[in-house]
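Taken in order, these protein sequences are the chains called A and B. With the numbering used here applied, the first sequence covers 1 to 114. With the numbering used here applied, the second sequence covers 1001 to 1116.
Since the hints were derived computationally from the structure, they do not count as laboratory data. From a predicted model like this one, the values you see are computed outputs, not experimental measurements. Idealized CB from N, CA, C, for every residue including glycine. Please note that the accuracy of each hint is not assured.
No farther apart than 25 Å at their CA atoms in a straight line, the calculated lysine-lysine pairs in the DSS-like style are these [said to hold, decoys possible]: (1) A:K67 to A:K22; (2) B:K1077 to B:K1108; (3) A:K9 to A:K71; (4) A:K40 to A:K9; (5) A:K9 to B:K1060; (6) B:K1068 to A:K40; (7) B:K1108 to B:K1056; (8) A:K41 to B:K1060; (9) B:K1068 to A:K22; (10) A:K40 to B:K1108; (11) B:K1077 to B:K1052; (12) A:K22 to A:K36; (13) A:K9 to A:K19; (14) A:K44 to B:K1052; (15) B:K1108 to A:K36; (16) A:K22 to A:K41; (17) A:K40 to A:K71; (18) A:K44 to A:K67; (19) A:K22 to A:K9; (20) B:K1108 to B:K1060; (21) A:K41 to B:K1077; (22) A:K9 to A:K44; (23) A:K41 to A:K71; (24) B:K1108 to B:K1068.
Some, not all, of what chain B presents toward chain A, calculated at C-beta under 10 Å [said to hold, decoys possible]: (25) T1005; (26) M1007; (27) S1032; (28) F1034; (29) G1041; (30) L1046; (31) T1051; (32) K1052; (33) A1053; (34) D1054; (35) K1077; (36) G1078; (37) F1089; (38) D1094; (39) P1116.
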Amino acid sequence: DTAVSQTPKYLVTQMGNDKSIKCEQNLGHDTMYWYKQDSKKFLKIMFSYNNKELIINETVPNRFSPKSPDKAHLNLHINSLELGDSAVYFCASSQGGLGNQPQHFGDGTRLSIL
Amino acid sequence: GDSVTQMEGPVTLSEEAFLTINCTYTATGYPSLFWYVQYPGEGLQLLLKATKADDKGSNKGFEATYRKETTSFHLEKGSVQVSDSAVYFCALSDQGSGGGADGLTFGKGTHLIIQP
């Protein structure tokens, strides 16, 4: 069974559209994250959720909004897509808020804006 | 703020060569350190970790030692294989600045290519 799964794997859409990426983890973790990986492979944290509360929001445009219906899910909604949003988006999860536990990553969603 | 600096590739080695990928960090708190590996088309997989000074993380023949005095966490392997070809990321989680929920701070990644 996949520990962290995200869908879709590929997403191709036009500028101005609204899209969502779903993420689910079956590890029983209490913290989930979204990362953006740009074309140069650089990874940057976007959001994290701990016990259904948003902990951080790193200088991300408000067109991006995380939604967590329960502890096992953290979905990413993106409104009014722009060319610069093209990237690979990774979902991850971990247990505890001390930072000494590793994060488990999904396989990524490659978003391409036409 | 926190940052991670690692050597940028690509790094090209022959099979059975010795590997070192340098990683240094700056952090406001007392971080945990990680190496992740990303194979083509896949997500990141934890390779090894260390949570306190002088800890050595090891896995699949890879090793890295948490050196607080030099703020480093260099990755080493004695004899690389073609299957080790991937992108390697050094990362930290700074417990002193909000804890793990702040997410990981990554280096820019090192692309490793092992030739037969």
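Margin query: A closest beta-carbon separation below 10 Å is what the hint needs, so does P1116 of chain B meet it against chain A?
Written below: Since chain A brings no Cβ nearer than about 24 Å to P1116 of chain B, farther than 10 Å, the hint is violated.
Margin query: Between the alpha carbons of K9 of chain A and K1060 of chain B, is the straight-line distance 25 Å or under?
Written below: The hint is violated at about 28 Å.
Margin query: So if I understand the rule, the pair passes when the alpha-carbon distance is 25 Å or less; does K40 of chain A with K9 of chain A pass?
Written below: holds (19 Å)
Item checked: Holds or violated: K9 of chain A to K44 of chain A, with C-alpha atoms at most 25 Å apart -> This hinted pair holds, its Cα atoms lying about 19 Å apart.
Next item on the list: Closer than 10 Å between Cβ atoms is the bar; does M1007 of chain B clear it against chain A? Give me holds or violated.
Entry: Given a least distance of 14 Å, the restraint on M1007 of chain B is violated.
Check: Does D1094 of chain B pass the interface check with chain A, least Cβ-Cβ distance below 10 Å?
Finding: holds (7 Å)
Margin query: For a C-alpha distance cap of 25 Å, please report whether K1077 of chain B and K1052 of chain B respect it.
Written below: Roughly 21 Å separates the two Cα atoms, so the pair holds.
Checklist line | Restraint check for K9 of chain A with K19 of chain A, where alpha carbons must lie at most 25 Å apart | finding: holds (13 Å)
Margin query: Holds or violated: the hint that F1089 of chain B contacts chain A, with Cβ atoms closer than 10 Å.
Written below: holds (7 Å)
Check: Quick one, are K41 of chain A and K1060 of chain B close enough, alpha carbons at most 25 Å?
Finding: Distance of about 24 Å is within 25 Å: holds.
Item checked: Agreement of K67 of chain A and K22 of chain A with the hint, judged by alpha carbon distance not exceeding 25 Å -> holds (9 Å)
Note to self: Given T1005 of chain B as an interface hint, is its Cβ closer than 10 Å to any Cβ of chain A?
What the structure shows: Violated: closest Cβ of chain A sits about 13 Å from T1005 of chain B, beyond 10 Å.
Hint violations for this structure: numbers 5, 6, 9, 17, 23, 25, 26, 33, 34, 35, 36 and 39, all remaining hints satisfied.
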